[in-house]
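Chemist: Note that the protein sequences, when read in sequence, are chains X and Z. In our numbering, each residue's number is its place in the first sequence (first place is 1) plus 3. In our numbering, each residue's number is its place in the second sequence (first place is 1) plus 58.
Since the hints were derived computationally from the structure, they do not count as laboratory data. Ideal Cβ placement from N, Cα and C applies to all residues, glycine included. Possibly wrong hints are sitting among the right ones.
[As the list claims (entries may be wrong)] A few chain Z positions that, by computed beta-carbon distances, are all more than 12 angstroms from chain X:
no. : residue
1   : 80
2   : 203
3   : 225
4   : 242
5   : 263
[Stated by the list, open to error] Reference listing, derived: stretches of chain Z covered by chain X, where coverage requires no fewer than 3 residues with Cβ under 8 angstroms from a Cβ of chain X:
no. : stretch
6   : 115-128
7   : 348-362
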Amino acid sequence: MSQFLQVLLSGLATGAVYALVAIGFTLVWQAAQTVNFAQGEFVMIPAFFVLIGMNWLGLSFWIALLFGLIISVLVLGLAFKKLIVEPILPHGGITLIIATMALGILLKESAKEFYGAEAQPFPAMFPGDPINVFGAVVSLRDLMNLGISLGIVVLLTLFLNRSRTGRCMQATAQNPGVAEILGVDVKRMVLYTFLINAALAALASFLITPVYLAKFSNGETLGLIAFIAAIVGGFNQIRGALVGGLLIGVLDNLTATYVTAQYRAALPLVLLIVIILVRPQGIMGTSEGRTV
Amino acid sequence: MRRWRLFAIVLLLLAAILLPVGQKNYLVYVLTSWLIFTIAAMGLNLTLGYAGQISLAQASFMAIGAYTTALITLAGWHWVLALPIGLALCFAVGLVLGYPALRVKGHFLAFVTLAFNTLVFLVLRNEEWLTGGTYGLSGMPRPDFGLFSTDRQLPFYYFTLGITVVAALAMWGIVRSPWGRAFKALRENPIRAESLGVDTRRVTLLAFAIGSAYGGLAGALVTPLVQFIEPGSFGLAHSLRILLMVVVGGAGYFFGPFIGAAVVILLPEVLRFTEGYYLIIYSALVIVMLVFVPSGLIGIWGRVRDRFWPRQQVRGDMAEGARLQQ
Numbered sequence: 004m005s006q007f008l009q010v011l012l013s014g015l016a017t018g019a020v021y022a023l024v025a026i027g028f029t030l031v032w033q034a035a036q037t038v039n040f041a042q043g044e045f046v047m048i049p050a051f052f053v054l055i056g057m058n059w060l061g062l063s064f065w066i067a068l069l070f071g072l073i074i075s076v077l078v079l080g081l082a083f084k085k086l087i088v089e090p091i092l093p094h095g096g097i098t099l100i101i102a103t104m105a106l107g108i109l110l111k112e113s114a115k116e117f118y119g120a121e122a123q124p125f126p127a128m129f130p131g132d133p134i135n136v137f138g139a140v141v142s143l144r145d146l147m148n149l150g151i152s153l154g155i156v157v158l159l160t161l162f163l164n165r166s167r168t169g170r171c172m173q174a175t176a177q178n179p180g181v182a183e184i185l186g187v188d189v190k191r192m193v194l195y196t197f198l199i200n201a202a203l204a205a206l207a208s209f210l211i212t213p214v215y216l217a218k219f220s221n222g223e224t225l226g227l228i229a230f231i232a233a234i235v236g237g238f239n240q241i242r243g244a245l246v247g248g249l250l251i252g253v254l255d256n257l258t259a260t261y262v263t264a265q266y267r268a269a270l271p272l273v274l275l276i277v278i279i280l281v282r283p284q285g286i287m288g289t290s291e292g293r294t295v
Numbered sequence: 059m060r061r062w063r064l065f066a067i068v069l070l071l072l073a074a075i076l077l078p079v080g081q082k083n084y085l086v087y088v089l090t091s092w093l094i095f096t097i098a099a100m101g102l103n104l105t106l107g108y109a110g111q112i113s114l115a116q117a118s119f120m121a122i123g124a125y126t127t128a129l130i131t132l133a134g135w136h137w138v139l140a141l142p143i144g145l146a147l148c149f150a151v152g153l154v155l156g157y158p159a160l161r162v163k164g165h166f167l168a169f170v171t172l173a174f175n176t177l178v179f180l181v182l183r184n185e186e187w188l189t190g191g192t193y194g195l196s197g198m199p200r201p202d203f204g205l206f207s208t209d210r211q212l213p214f215y216y217f218t219l220g221i222t223v224v225a226a227l228a229m230w231g232i233v234r235s236p237w238g239r240a241f242k243a244l245r246e247n248p249i250r251a252e253s254l255g256v257d258t259r260r261v262t263l264l265a266f267a268i269g270s271a272y273g274g275l276a277g278a279l280v281t282p283l284v285q286f287i288e289p290g291s292f293g294l295a296h297s298l299r300i301l302l303m304v305v306v307g308g309a310g311y312f313f314g315p316f317i318g319a320a321v322v323i324l325l326p327e328v329l330r331f332t333e334g335y336y337l338i339i340y341s342a343l344v345i346v347m348l349v350f351v352p353s354g355l356i357g358i359w360g361r362v363r364d365r366f367w368p369r370q371q372v373r374g375d376m377a378e379g380a381r382l383q384q
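Just chain Z, with the same shape it has in the complex (with noise of 0.2 angstroms):
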């Protein structure tokens, strides 16, 4: 099994890489937004999905991190050095925004967090000697790294690619780390968590920071691309949006980010042809796949892999116990 999925990997990145090349200058700036979309759905995979904190403000960390790249290179400094910046800033919002975390449920957070969302929409179009207003900010130069330059749309996907494997394989080392196990145990049971030693009030904190410097990441990674922004991309829609992705692909699960953002990035490609439809067919589709895997696309998977190689059964209780806890 762990060779099979290592197996698949490799022909997935092979995939990534080979993809692109000779395609148009459109479908290669697709498929970098959907490497980007997936860098900020793993950031709130970890929130979400492994620590069990529901966040609506994903899109606004990506602006940070973007308004932050933007000025910062704008001002004529490297892309490499706005990065840690972005990085850290969001790391310390995160950490901020966490702390009404210790103090709400679930919904509760859901509308604390949508709320900062609406805030930093509110100053980034009201703060124009900064920000730029509704105009937004542009021209923001793509970095260069002296023999290999990201001017052209192909370069900078494999830029892209480059970075989000390292953000995987960081994701990957956190998610195993003794971190990443006190994640799960806050999101399954907190009480419980507590009583094993695990410190939930940092816990949370950290899931959140993490989360929100990915976050970041993204942002720094769409201001090189898209070299325009302005609030409106980075609204309350988009939040959403990122949430969906985690749900649809599968919260909690190390893969669903990148099926989820595949779907969401590809899908309106796919129905095109609905014309202004693709959000209405997309919203059901959501509804009617949370009534019969809410573990979402991955959990299908599973759901199949059970149905036609049952794994073996350990401890006929452990179904029963795991009801119980309800």
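Extracted from the complex, chain X is given alone in its bound form (with noise of 0.2 angstroms):
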């Protein structure tokens, strides 16, 4: 029993910062209808940069926390949304699906070939001291990670929800034309959807990379598993990305226990592609009316 609540906890700390990621599909969903398929590499980046902070420019850790995470904001809110966005958009959602993806190749390239190709220790944000809860043995760092990725979420919905630059957020992703007329700055409110998205990857970052290492290859596997737990959950909702990461999060450490670890990686796969065939619009998800 204890082992089954242990299993548990640490897959839900996972699952939490997963949604954090999972939540950055979302948002760019509903200001671009598009998927960034960097987004796993968006989560890899920040902690290189924090890295530089703290190795080139001598900052020490906390200060440099905070240069990683204005870097981040700069080059992936502003600049991704300026640089190949804006001026890819009009051609089409394939084409910025491509160019999100060269984009990704682009990332994890430069961080190898610019930092290093070996897996960088990286300091973590809380002591990893084992506590007991209930007979399991969890770290603190694991239940620390839980509970600022929900503490970020509830932050995030209130904001949405009653903020007056929220509301005009959750306008403009529904309907910009409408949002518009009404006098809602639309242009701005996707700049900032691109902004927070850049601030949820970088947090990511720094609470996912002390138990990966700084790798330039995290990308890969984190940005597939968030993006599942995207549409798992249902992809037009910040709620529902929360439920599927948790899930996958929760699953994947089940299966690895209880099942098959040759196998694990497979699971969210399999989720995915059962979630597409019986509910497409993911288990908290509305669907949407199909624009032609």
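Take each chain as given, in its own frame, and dock them per the hints.
Modeler: Here it is, written out as structure tokens:
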């Protein structure tokens, strides 16, 4: 029983970080009706910004985190939107998807060539001391990851539903034309969405990298799992991304412990195919009207 | 214009026949892999460029074709017998993979096919009794036709060239047939295609199945070329590579895959002096190209032509009408 609880808790902890990344997918989807295939690399790269800040610029850890966050928002939010999404979006969705794939390769190879191919240790914000929770041994770091991720999701939901800017962003996501007529600055709202996505990716990076080490190839699996989490939960819903992320984190850990470790990587994929065939809009999602 | 095109094709074919004569084995090998990837990209071009369905699983169809051929030729059968089995298998699996395509739109399909690619990779790696696991399979014989043996590099190149020409002619026929026109109608506007009596479900499935069979053909040629196959050669990165070939060459253009495969296969050789930075330069070039010429390298030629030899505008409202569609 205590083993089960342990597996469950650590599954929730990784799942919460998946959820953060998955939320980024749904945000970009709402803002630009596109899928960012480089999302995994968006989570991989901020850790390297922090390492550059610490090792090359000699900043202390917390300042370097702030530095990494700011650079991430500028590069992965502002520059991504201005230089890639804006010029390519008019050419069509598939073109933009391919451009984000190329961007993923670009980021991955850049990290490898300019920083190094070996996995780099990354300092954790919290100590990994074990804590006893009802007989299960969990690290403080896992609990903090879970807590912080959930806290960010709650804050984000409050921001989107309660604040004026958040509501304008939602209006933009639902119908840019009408939002424009009602006096919403649509362009600015779309920009905010990209900045928030970059910030979420950076935070997920800071939480998850101490576990996985900073490695150029981290983005591949992470991006895939987060995307599957977004689809499984419901692509157009933030809480859908949360549910999907937690579900995949827990299922992944349960399968690896109790069924098979060999086909562990296949589980989210099978889940994806089942969900798409049975309930394409996702567990929490609402189906979108098809636009012609 | 037509005559010019025919002349250019004959000239290119002559170049393809004469170029490798007297060259080192390595160059002949690079040219052969260019032809093989052209076939794989031709198949994906049908699915993506003509029918508008994004697929990230072309490398896994190469894998199915390659492993089927390997297992059958290792069992002592001739390559010619292995080929139709591999093609039929890919066609059937392509049909099944096409089913999600009926339910989901573009990007979702991209991830379903991506999931499929990863599943195939995992099966190849884990089912050691069949696929040799991470060690792969080796020692597959090259096809021998009595008087014409492909054991040496140059004859194998000509053998591959012959198959590429046949595959290209078949593709030309498919694209010009009523099916081909149905594919294009599906890409441009699915609902309008449906209203014109195109059975969009069947056409989508067919586009997937035929495109997959071309992937299988490429795989069936890879096996005798490299004579050693392992799961890593058919991973997601290779599906992405084939996708980039199609896009860089020009999706939806008949000769796009030839140019795209040439760029993707030959550019590393040209950019060798940059060492590790090849992929960085390459992906940056792709992004820049998508910003300025989204229709690929063939599209550049189209732009140049429109600038210097503008064709007569038939109807002034055509361009405007097309834009209103968006």
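Chemist: Each hint: holds or not?
Modeler: How the hints compare with the structure:
Listed as outside the interface, residue 80 of chain Z is consistent with that label: its C-beta sits roughly 36 angstroms from the nearest C-beta of chain X, beyond the 12 angstroms cut-off. Separation of residue 203 of chain Z from chain X is adequate, the least Cβ-Cβ distance of about 40 angstroms exceeding the 12 angstroms criterion. Chain X leaves residue 225 of chain Z outside its interface by the beta-carbon criterion, the shortest separation being 24 angstroms against a cut-off of 12 angstroms. At the 12 angstroms boundary, the C-beta of residue 242 of chain Z stays outside the reach of chain X, the nearest C-beta of that chain being 15 angstroms off.
Taking the minimum C-beta to C-beta distance to chain X, about 15 angstroms, the non-interface status of residue 263 of chain Z holds against the 12 angstroms cut. Interface restraint, the stretch 115-128 of chain Z with chain X: violated (0 residues with C-beta to C-beta distance below 8 angstroms; minimum three). Proximity of the stretch 348-362 of chain Z to chain X, defined as three or more residues with a beta carbon under 8 angstroms from a beta carbon of that chain, is established by the 3 residues found.
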